[in-house]
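Peer 1: Going line by line, the protein sequences match chains P and B. Mapping of the first sequence onto our numbering: position 80 corresponds to residue 80, and the numbering continues sequentially without gaps. Mapping of the second sequence onto our numbering: position 75 corresponds to residue 343, and the numbering continues sequentially without gaps.
These are calculated hints, taken from the structure and not from any lab test. Values in this document were obtained by computation on a predicted structure and should not be read as measured data. Accuracy of the hints is not assured; some may be wrong.
[As the list claims (entries may be wrong)] Capping the alpha-carbon separation at 27 Å, the derived lysine-lysine pairs in DSS-like fashion look like this:
no., chain 1, residue 1, chain 2, residue 2
1, P, K233, P, K154
2, P, K121, P, K154
3, P, K121, B, K505
4, B, K324, P, K178
5, P, K191, P, K71
6, P, K121, B, K640
7, P, K152, P, K231
8, P, K191, P, K43
9, B, K640, P, K124
10, P, K71, P, K166
11, B, K543, P, K205
12, P, K223, P, K40
13, B, K568, P, K121
14, P, K178, P, K166
15, P, K71, P, K205
16, P, K43, P, K198
17, P, K121, P, K43
18, P, K71, B, K568
19, P, K152, P, K121
20, P, K152, B, K505
21, P, K178, P, K43
22, P, K71, P, K124
23, P, K205, P, K166
24, P, K121, P, K178
25, B, K543, P, K124
26, P, K198, P, K178
27, P, K121, B, K567
28, B, K289, B, K324
29, P, K198, P, K166
30, P, K40, P, K239
31, P, K191, P, K233
32, B, K505, P, K71
[Claimed, not checked] The following label-pair restraints were derived from C-beta to C-beta distances:
no., chain 1, residue 1, chain 2, residue 2, range
33, P, T57, B, L463, 55 to 61 Å
34, P, T57, B, P303, 48 to 54 Å
35, B, D603, P, N255, 23 to 29 Å
36, P, R266, B, F545, 52 to 58 Å
37, B, W417, P, N255, 29 to 35 Å
38, B, F511, P, E160, 53 to 59 Å
39, B, F545, P, K191, 42 to 48 Å
40, B, F545, P, D164, 38 to 44 Å
Even glycine gets a Cβ: it sits at the ideal position worked out from N, Cα and C.
The lines below spell out each chain.
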Amino acid sequence: MLLCRSIHIASSISKFVAGAVLLLSVCAAASDLDPQVLMKERKQNYSGWGSSEVALTMTLHTASGQLSVRKLRTQALEVENDGDKALTIFDEPMDVSGVALLTHSHITGADDQWLFLPSLKRTKRISSSNKSGAFMGSEFAFEDMSSFEYEKYKGISAREEMMDGKSVYLVEMEPDYKDSGYTRMLTWLDKNHKQPLKVEFYDRKNTLLKTLILSDYRQYPNKAWRAHVLKMKNIQTNKDTELLFSNFNFTVSLNDDDFNKNVLNRIR
Amino acid sequence: MKKVMFLLLSIMASTGFADTKTSLDLSHRYFWEEPAYEGQASEQTSLAFQTEMYFKSSATDDFLVNLFGRVDSADSERDHIDVRELLWRHYGENYQLDAGVGIVYWGVAESQRLVNVINQRDSLEDVLGNVALGQPMIKLEIPLDSSQWEIYLLPYFRERDFAGEEGRLRTPMVVNADHARYESAQEEQHVDYALRYSGNYENIDYGIAYFEGTQRDPTLMYDSMLNELYPFYSQMKQLGMDFQYTGDTWLWKLEALYRDTSNDQYAATVFGFEKSFYGISDSGADIAWLMEYNWDERKKRSPSYFQNDLFSGIRWVLNNTDGTELLVGILYDFDYETHFSRLRLNSRIGADWAVAMEAYLFNNVGNDDPLKAAENDDFIQLSLKYYF
Numbered sequence: 001m002l003l004c005r006s007i008h009i010a011s012s013i014s015k016f017v018a019g020a021v022l023l024l025s026v027c028a029a030a031s032d033l034d035p036q037v038l039m040k041e042r043k044q045n046y047s048g049w050g051s052s053e054v055a056l057t058m059t060l061h062t063a064s065g066q067l068s069v070r071k072l073r074t075q076a077l078e079v080e081n082d083g084d085k086a087l088t089i090f091d092e093p094m095d096v097s098g099v100a101l102l103t104h105s106h107i108t109g110a111d112d113q114w115l116f117l118p119s120l121k122r123t124k125r126i127s128s129s130n131k132s133g134a135f136m137g138s139e140f141a142f143e144d145m146s147s148f149e150y151e152k153y154k155g156i157s158a159r160e161e162m163m164d165g166k167s168v169y170l171v172e173m174e175p176d177y178k179d180s181g182y183t184r185m186l187t188w189l190d191k192n193h194k195q196p197l198k199v200e201f202y203d204r205k206n207t208l209l210k211t212l213i214l215s216d217y218r219q220y221p222n223k224a225w226r227a228h229v230l231k232m233k234n235i236q237t238n239k240d241t242e243l244l245f246s247n248f249n250f251t252v253s254l255n256d257d258d259f260n261k262n263v264l265n266r267i268r
Numbered sequence: 269m270k271k272v273m274f275l276l277l278s279i280m281a282s283t284g285f286a287d288t289k290t291s292l293d294l295s296h297r298y299f300w301e302e303p304a305y306e307g308q309a310s311e312q313t314s315l316a317f318q319t320e321m322y323f324k325s326s327a328t329d330d331f332l333v334n335l336f337g338r339v340d341s342a343d344s345e346r347d348h349i350d351v352r353e354l355l356w357r358h359y360g361e362n363y364q365l366d367a368g369v370g371i372v373y374w375g376v377a378e379s380q381r382l383v384n385v386i387n388q389r390d391s392l393e394d395v396l397g398n399v400a401l402g403q404p405m406i407k408l409e410i411p412l413d414s415s416q417w418e419i420y421l422l423p424y425f426r427e428r429d430f431a432g433e434e435g436r437l438r439t440p441m442v443v444n445a446d447h448a449r450y451e452s453a454q455e456e457q458h459v460d461y462a463l464r465y466s467g468n469y470e471n472i473d474y475g476i477a478y479f480e481g482t483q484r485d486p487t488l489m490y491d492s493m494l495n496e497l498y499p500f501y502s503q504m505k506q507l508g509m510d511f512q513y514t515g516d517t518w519l520w521k522l523e524a525l526y527r528d529t530s531n532d533q534y535a536a537t538v539f540g541f542e543k544s545f546y547g548i549s550d551s552g553a554d555i556a557w558l559m560e561y562n563w564d565e566r567k568k569r570s571p572s573y574f575q576n577d578l579f580s581g582i583r584w585v586l587n588n589t590d591g592t593e594l595l596v597g598i599l600y601d602f603d604y605e606t607h608f609s610r611l612r613l614n615s616r617i618g619a620d621w622a623v624a625m626e627a628y629l630f631n632n633v634g635n636d637d638p639l640k641a642a643e644n645d646d647f648i649q650l651s652l653k654y655y656f
C-alpha cells in the first residue's frame with residue numbers, strides 16, 4: 001500500500017500517460033497483497049495432485065511431559081469444484097487399530113462423514129459439525145486436520161513482514177463456516193510457494209489459543225507443496241502435539257470408487 | 269476345517285506378509301445377588317483372545333482370518349472358540365466377491381440390532397446380540413455411484429449357544445443346544461439367501477434388505493421326555509429397512525421389518541435420535557444423548573426384550589489422551605415396567621493396554637418379562653485388555 005501511494009504522488013507530478021500506466025501496473029502488483037488472492041494461490045500451490053497416500057505419526061506431549069503416539073494413514077482424492085475426499089485409517093494406539101474415517105468435504109454445506117468400527121464391522125454415518133473438537137485427544141482440532149479450502153475463509157488483511165530474517169506474507173483470515181472454534185487466524189505464508197510457515201489460532205474469546213509451526217516443505221513432481229513437520233502448541237494449556245508426514249505417494253491413482261462408503265468394510 | 273485353517277496359517281506365516289493383530293482380555297464378573305437357580309456361580313473369571321491376520325495374495329485378492337476364543341472359570345459352556353472371519357476377497361473391476369466365513373452389519377439403531385440378520389449372535393459374549401458368530405457365505409457386492417447391491421448365499425447355519433448350568437444370564441431350565449430342531453428337513457444345511465440395496469443421498473443413508481432362510485433367533489421348546497429346553501429354528505422371510513438422517517448435531521434413525529414365519533407374521537421397529545453436545549467443558553468433552561423407542565407387533569407374545577420399550581442413554585466422551593468414554597443406558601419396558609440398565613466405562617492405559625468396567629442391572633422385572641430369568645443376575649465386570 002505504501003509503495004502504491006508513493007507512485008501515485010510521483011505520477012501526479014509527471015503529466016505523462018506512461019506515468020499513469022506505470023501507476024496502474026504497480027498498483028495491480030501491490031493488490032496481489034489482497035488476502036483472498038494469496039489464499040487462492042496457497043490452495044493452487046497445494047493442488048493438482050489428483051490423489052495421494054501418506055502416513056502420519058502424531059506425538060502428544062502433556063504439560064507434565066508424558067508422551068502418547070498415534071499412527072494413521074490417509075488416502076485422499078482431489079475433487080474439482082468441491083472439497084476433497086479423504087479416507088483415514090488408524091493403526092495406533094492399538095485399541096483403535098482398524099478404525100477408519102471417510103470424509104467427503106464440501107465447499108458449501110456440511111461435510112459427509114462415516115466412521116467404521118472394526119469390532120462390529122459397523123459403518124456409522126456421523127455428524128461433521130464437531131469442528132472444534134480434539135482430534136484423538138491431540139492439540140489438533142478436527143478443523144485443523146481438514147484440507148485448506150480458501151472458499152471457507154474470509155480474507156481480512158495481508159501485508160509483508162519479516163519472520164526469522166526472511167520476508168514473508170502475513171495474512172489474517174476468519175473462518176467462514178459454522179461451528180469453528182476460532183474467531184480468526186494469522187497465517188505467515190512463504191513468499192515463494194505461499195504455504196503457511198506459521199499459524200496463530202485465536203479462540204472464541206479472541207485470545208491466542210494455539211500456534212502451529214510448519215516446516216520441512218518439499219515440492220512433489222506434480223508441483224504440489226507439502227510440509228512434513230507440524231508442531232501445534234497450545235498456549236493456554238502448554239500441551240503440544242507434533243505431526244509428522246512420511247511416505248507421500250502421489251502415484252496411487254485412486255478414483256471416486258475408492259472413496260465410497262462401502263469400501264470401509266474392506267480397508268486394511 | 270482345522271486342517272484348512274492350519275494350512276492357511278502356515279502359508280501366511282511362511283510368506284511373512286501376514287499382518288497380525290492379537291488381543292488378550294482378562295475379565296472378572298461379580299454377581300452380588302443370590303443366584304436364582306441351583307448351581308449358578310457368583311464369581312466368574314475368564315480369559316479371551318482374538319487374533320486377526322491379513323494377507324494380500326495379489327493386487328486383486330486378499331485373505332482375512334479372525335479367530336476368537338474364551339475360557340471361563342465358572343461355566344464350561346462359555347469355553348468356546350469361533351472362526352469369526354476366514355475370508356477370501358476378490359476385487360473385480362465392478363464387483364467384489366467374498367467367500368468363506370464373514371461378519372455383516374446392517375442397521376443404524378443403538379439399543380438393539382433389529383434388521384441385522386446375516387450372522388448368528390454370540391449370546392455367550394453378549395446377551396443383547398452385539399457380538400456375532402462367523403457366518404459361512406458367498407457375497408457378491410456391486411457398487412454403483414453412491415449406492416450398492418449385495419447378494420448373499422448362506423450355505424450353512426450357525427446355531428446359537430446358551431449358558432450352561434453354572435452360568436448366569438440363563439433360562440430357568442438349561443437349554444440343550446445339542447438337541448436343536450429345525451423346521452426345514454435340511455436343518456443347518458438349508459441354503460439361505462439375502463439381497464440388500466443401500467446407499468446415501470445428501471444427509472440420508474438408507475438400506476433395504478430381503479432375507480429368506482433359517483431364523484437366527486430360536487423358539488425355546490420344552491421336551492417333556494428329556495425334561496429340557498431345546499432350540500427350534502423355523503424358516504422365515506424378512507423384509508427390513510434402515511434409515512438415518514444426519515443433521516448438524518442430531519442423528520435421526522429408523523429401522524423396521526416385516527417378518528413372516530410359519531406361525532407368526534409381524535412387524536417391528538426401532539426409531540429415535542442421537543443428539544450431540546460438543547465441547548461441553550473446557551477440556552473439550554462431548555456428550556451424546558440417545559433415545560429410541562422399540563416396538564414389536566406381537567407385544568406380550570414376543571420373545572424379544574424390545575417389544576414395547578423406551579431406551580434412553582448418555583455417551584460421555586472425554587476426548588483425553590487415554591480416550592476415556594462412559595456409556596449409561598436404561599431400557600424401560602412399558603408392558604412389564606422392567607428397568608434394565610447398562611453402564612460401561614472404558615479407557616486406554618498407554619498404547620497397548622485398555623481397561624473397562626461394565627455393569628448390568630435388572631430392576632423391577634415384571635413376572636412375564638422374558639428378562640425375568642435374569643432378574644437376580646445384576647453384575648459388575650472389570651476387564652483388562654492387552655494388544656500386541
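Peer 1: Can the suggested window of 29 to 35 Å be confirmed for the beta-carbon pair W417(B) and N255(P)?
Peer 2: 20 Å, violated
Peer 1: For the pair supplied as a hint, K71(P) and K124(P), is the alpha-carbon distance within the 27 Å limit?
Peer 2: 22 Å, holds
Peer 1: Please work out if K40(P) and K239(P) have their alpha carbons no farther apart than 27 Å.
Peer 2: 32 Å, violated
Peer 1: K152(P) and K505(B) were given as a pair; does the straight-line alpha-carbon distance stay at or below 27 Å?
Peer 2: Violated. K152(P) to K505(B) sits at ~50 Å, over the 27 Å cutoff.
Peer 1: Can you confirm whether the C-alpha distance between K43(P) and K198(P) stays at or below 27 Å?
Peer 2: The given pair, whose Cα atoms are some 16 Å apart, holds under the 27 Å limit.
Peer 1: Next pair to validate is K191(P) with K43(P); report whether the Cα-Cα distance is within 27 Å.
Peer 2: 14 Å, holds
Peer 1: Hey, K121(P) versus K505(B), does the alpha-carbon distance stay inside 27 Å?
Peer 2: The given pair, whose Cα atoms are some 24 Å apart, holds under the 27 Å limit.
Peer 1: Starting from K233(P), check that the Cα of K154(P) is at most 27 Å away, please.
Peer 2: Since the Cα atoms of K233(P) and K154(P) sit roughly 24 Å apart, the hinted pair holds (cutoff 27 Å).
Peer 1: Hinted pair, alpha-carbon criterion (27 Å max): K568(B), K121(P). Please report holds or violated.
Peer 2: The given pair, whose Cα atoms are some 32 Å apart, is violated under the 27 Å limit.
Peer 1: Honestly, do R266(P) and F545(B) meet the 52 to 58 Å range at C-beta?
Peer 2: 34 Å, violated
Peer 1: For a C-alpha distance cap of 27 Å, please report whether K178(P) and K166(P) respect it.
Peer 2: Not satisfied, since the Cα-Cα distance of roughly 35 Å exceeds 27 Å.
Peer 1: Take the C-alpha atoms of K543(B) and K124(P), compute the straight-line distance between them, and say whether it is at most 27 Å.
Peer 2: 15 Å, holds
This entry does not satisfy hints 2, 4, 5, 6, 9, 10, 13, 14, 15, 17, 18, 19, 20, 23, 24, 27, 30, 32, 33, 35, 36, 37, going by the numbered hints stated previously.
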